[in-house]
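Novice: For reference, the chains in residue letters:
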Amino acid sequence: MLVGVTDRRVPGRGFAGRQRIRRSRTLAIWAVMAAIQAAAVTASVRAQEGAAQQGGSATTSAVFRRYSDRVVKIHVIEIGSAAKAVLGSGFYVTPDGHVITNYHVISKLVHDPMRYRAELIDTQGATTAVTVLAIDAVHDLAVLSTGTRPEHYFTLQSLAVPQGTRLYSLGHPEDLGLSIVEGTYNGILEYTLYPKIHFTGAINPGMSGGPAITDDGVVAGVNVATEGDEISFLVPVERAVALLDRALAPSYVPPPRFLDEVGRQILAYQDVYLAHLFNDSTPTVTLGRYTLPTRPASYFKCWADASHPTRELLYRRVEHECSTDDYVFISADQSSGVVSFRHELVTSDVLSALRFASLYSALFGAGTVGLEGSEEEVTRFSCVSRNVRRARTPHRGGLSARAVLCVRRYRKLPGLYDAVIRIAALGDSRAGMISTLTLSGVSFENAQRVAERFLERMQWDG
Amino acid sequence: MGRIVIVEILDAHGAVRQRVRLERWPAIIGRAYSADVLLDDPYVSPEHVRVIDGDGFGLVVEDLASVNGLYTADGTRVSRATLGAGAVVRLGRTRLRFCPASQVVVPALVDGAAAASGEASAVRRGWRRLPVTAGLIALCVAATVVVGLQSYFDGYRRNGGSAAIETGAALFLVLVLWAAPWALASRVVVQRAQLLGHLAIASAATIAIELVANTEVWCSYLFPGSRFGGLVGGVGLCATFVGLLGGHLALASAMPARRRWRIVGTVTGAFVALGLLAAHIEAAKFTNKMDYPASLRPFPMAWLPATSVRGFIGATGDLKARVDSLVAER
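One line per chain: the protein sequences are A and B, in this order.
With the first letter of the first sequence counted as 1, position 341 gets the number 341 in this note's numbering; the numbers rise by one all the way through.
Count along the second sequence from 1, add 462, and you get the number used in this note's numbering.
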């Protein structure tokens with residue numbers, strides 16, 4: 001989950017988390033509680049270790065003493081109720097008071113600037129109004145202008161550190177006051193849509209946007225997300241350097257509407273990550289007589305499972321599913337970059353052809369795929385369905401299927417759509433295969449292209 | 463005197479059990495075999511009352527010192543009463559109504575079965591009606607079986623057979639509950655309940671609905687991109703409703719066909735309008751669900767109308783405009 005207090009999402013792990021692209025609130029609350037519990041356990045273990053290793057503790061307190069005044073607390077306030085809606089952290093990066101934080105900390109301000117305002121609280125408790133200067137929605141970063149002139153600030157530069165380097169993450173967990181968390185740099189994650197630092201340390205809600213620094217006070221990354229159990233993520237400092245350079249360039253003019261900028265950035269980003277999805281080199285998996293695409297890129301994770309006939313259910317089901325573990329935060333209920341697909345093989349030795357067809361129809365018609373969203377953010381789905389056939393050739397098996405493409409549009413972000421492609425193999429009287437591909441926050445043209453390539457990678461033999 | 467009066471002997475519910483013609487005056491009504499109107503009621507005396515022809519229709523009834531007396535319609539015991547046309551009196555436990563012979567009666571009902579065979583009166587009763595009755599019963603059984611089978615083939619869980627029998631039985635109950643008020647209405651309006659007839663009409667409608675639903679499913683399977691299936695379903699359902707309402711009204715009323723069809727047309731029109739309105743409201747509601755034809759049937763692939771992958775992607779072209787217009791809708 002992202003570590004802004006208002007963010008409720010927990011990326012799924014393994015089969016249990018499948019299909020929850022926008023995860024449920026209950027799960028998220030449990031995850032937050034688990035994270036807090038883990039932090040508490042870690043803290044008590046640390047306390048014991050600290051007693052044994054006086055040296056480590058001394059460094060941590062020195063780091064905290066030296067650099068804590070460069071870290072600030074950020075509140076996003078709902079103007080009507082004058083109550084804070086989001087709590088996050090940030091840090092000074094220029095003598096002119098520019099602050100780096102996460103895009104998701106100030107996303108409400110971007111989405112609804114008439115309803116929200118943001119303010120910064122420094123270590124002395126002084127409050128200053130802030131405005132957004134630049135955003136990088138894909139890498140979850142933002143530069144804020146504050147008008148203050150801080151005494152100290154971090155100088156950002158590219159940094160290469162070896163795995164195992166001790167890092168200190170600073171921020172305001174759960175609004176409990178500025179805290180420092182010791183952890184370890186564990187390299188750049190291999191299987192993600194965009195680079196992220198794997199930080200082993202307990203980052204908690206509220207620390208979003210805070211810096212993770214070396215003991216020399218060099219910023220390595222920006223706190224962004226956690227999965228609990230000390231598995232946390234940082235945005236590499238290079239992304240912050242790039243964004244700051246862009247924001248401070250003399251030619252830079254802030255966009256009149258940042259929301260349009262979010263849309264533009266996401267559109268450009270999805271063009272890149274969807275360009276090669278399900279191309280000719282995509283590996284395939286065989287379920288029954290169906291050959292189907294699987295793991296189209298390194299940042300996908302795949303699982304499989306099977307269920308057997310029970311007293312009640314007269315059919316067997318084999319499932320194979322893959323999804324990106326990653327996503328790009330758009331708003332509390334919307335994200336882009338989520339690509340997931342599932343193949344379900346259904347067979348029965350007991351049901352007659354007509355009864356199997358009823359079962360198959362019911363499974364195919366089960367209408368939700370975990371894409372939630374409110375009326376303010378998205379339209380209803382609109383669908384097109386056809387029976388599709390491709391003849392067999394010497395090089396490739398044939399295909400006969402019912403194909404459905406459903407799309408809905410993001411209301412506030414022109415050009416972005418959610419798309420669901422559902423395929424049901426036809427032609428067998430007691431076997432069937434249903435494939436569902438879900439894309440969120442993509443252009444319509446990309447949805448069509450990916451749907452076509454997804455279908456073209458499928459073939460049935462015999 | 464030449465006056466002719468009809469005495470109607472009524473049963474407990476007020477229905478006429480017997481009609482007796484009185485031509486000779488004075489007339490004796492009682493249990494005695496010599497009486498002019500002979501009543502089989504142990505509470506009636508052998509010579510209970512005498513009816514005298516008065517002025518105008520004014521018949522006069524006199525109690526002949528009977529054991530249980532003579533009562534007027536409002537329950538007052540009298541020794542003598544003057545009666546108007548259609549007046550009712552009670553003797554013992556029997557009620558009598560006195561009507562002039564000139565009383566107008568309602569037109570005869572048209573007996574469809576009899577008209578078909580061309581033997582109006584003979585077909586009304588007896589073995590000749592047997593095939594019709596058997597046919598009506600067969601229709602009810604067929605509806606039950608069709609619904610049971612449909613439920614069996616629509617299901618995919620264990621114990622599909624017993625579930626199908628339960629569904630069939632439940633349907634039969636619903637049919638009876640549906641037909642009963644119509645039968646009651648028929649009994650009141652045209653004096654004949656015709657429960658079996660109403661049951662058969664409801665059964666035929668049930669079979670028609672199943673047929674329409676299956677046709678719709680097959681259409682949407684064969685042509686998922688067209689609105690043909692929905693159209694067939696809508697038209698079929700309307701036609702079934704017209705048949706159902708028209709059939710019930712034909713049995714339960716004596717109104718002329720033209721008027722009947724006018725009523726059926728109005729009611730059907732109202733239902734269609736309500737249905738379209740509900741569908742329109744439902745379509746405007748926000749939902750995260752996707753709506754697409756999901757019915758898949760076993761069918762030889764070679765005959766299945768299908769397009770190419772490219773053709774399918776091409777067909778999705780107007781989706782963009784469709785969802786973009788939804789944004790403008792709010």
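In case anyone wonders, no lab produced these hints; they're calculated from the structure.
Glycine included, each C-beta is placed from N, C-alpha and C at the ideal position.
It is possible that some hints are incorrect.
[As the list claims (entries may be wrong)] Partner residues aside, some chain A positions facing chain B, computed with beta carbon under 8 Å: (1) 267; (2) 299; (3) 311; (4) 312; (5) 349; (6) 353; (7) 359; (8) 361; (9) 380; (10) 385; (11) 388; (12) 392; (13) 394; (14) 427; (15) 451.
[Stated by the list, open to error] Restricting the straight-line Cα-Cα distance to at most 20 Å, the calculated cross-link-like pairs of lysine to aspartate or glutamate (EDC-like) are: (16) A:301 to A:344; (17) B:782 to A:344; (18) B:782 to A:445; (19) A:84 to A:175; (20) B:751 to A:229; (21) B:751 to B:786; (22) A:301 to A:261; (23) B:782 to A:377; (24) A:412 to B:753.
Novice: All the hints need checking, so say for each whether the structure fits it.
Specialist: How the hints compare with the structure:
1. 267: violated, 14 Å
2. 299: For residue 299 (chain A), the interface hint is violated, since the closest Cβ of chain B sits about 26 Å away, which is over 8 Å.
3. 311: This hint holds: residue 311 (chain A) lies near chain B, its Cβ roughly 6 Å from the closest one there, short of 8 Å.
4. 312: Nearest chain B Cβ about 6 Å off; hint holds.
5. 349: For residue 349 (chain A), the interface hint is violated, since the closest Cβ of chain B sits about 13 Å away, which is over 8 Å.
6. 353: holds, 4 Å
7. 359: holds, 4 Å
8. 361: Status holds, d = 5 Å.
9. 380: Cβ of residue 380 (chain A) sits 6 Å from chain B, so the hint holds.
10. 385: OK, holds: residue 385 (chain A) within 8 Å of chain B, min 4 Å.
11. 388: With a closest approach of 5 Å, the residue 388 (chain A) hint holds.
12. 392: violated, 12 Å
13. 394: violated, 18 Å
14. 427: This interface hint holds because 4 Å falls under the 8 Å limit.
15. 451: holds, 7 Å
16. A:301 to A:344: Holds. Residue 301 (chain A) to residue 344 (chain A) sits at ~17 Å (cutoff 20 Å).
17. B:782 to A:344: violated, 28 Å
18. B:782 to A:445: Answer holds: residue 782 (chain B) to residue 445 (chain A) is near 9 Å, not above 20 Å.
19. A:84 to A:175: holds, 11 Å
20. B:751 to A:229: violated, 35 Å
21. B:751 to B:786: Distance of about 18 Å is within 20 Å: holds.
22. A:301 to A:261: Judged against 20 Å, a Cα distance of about 30 Å means the pair is violated.
23. B:782 to A:377: Status holds; Cα separation ~17 Å.
24. A:412 to B:753: violated, 23 Å
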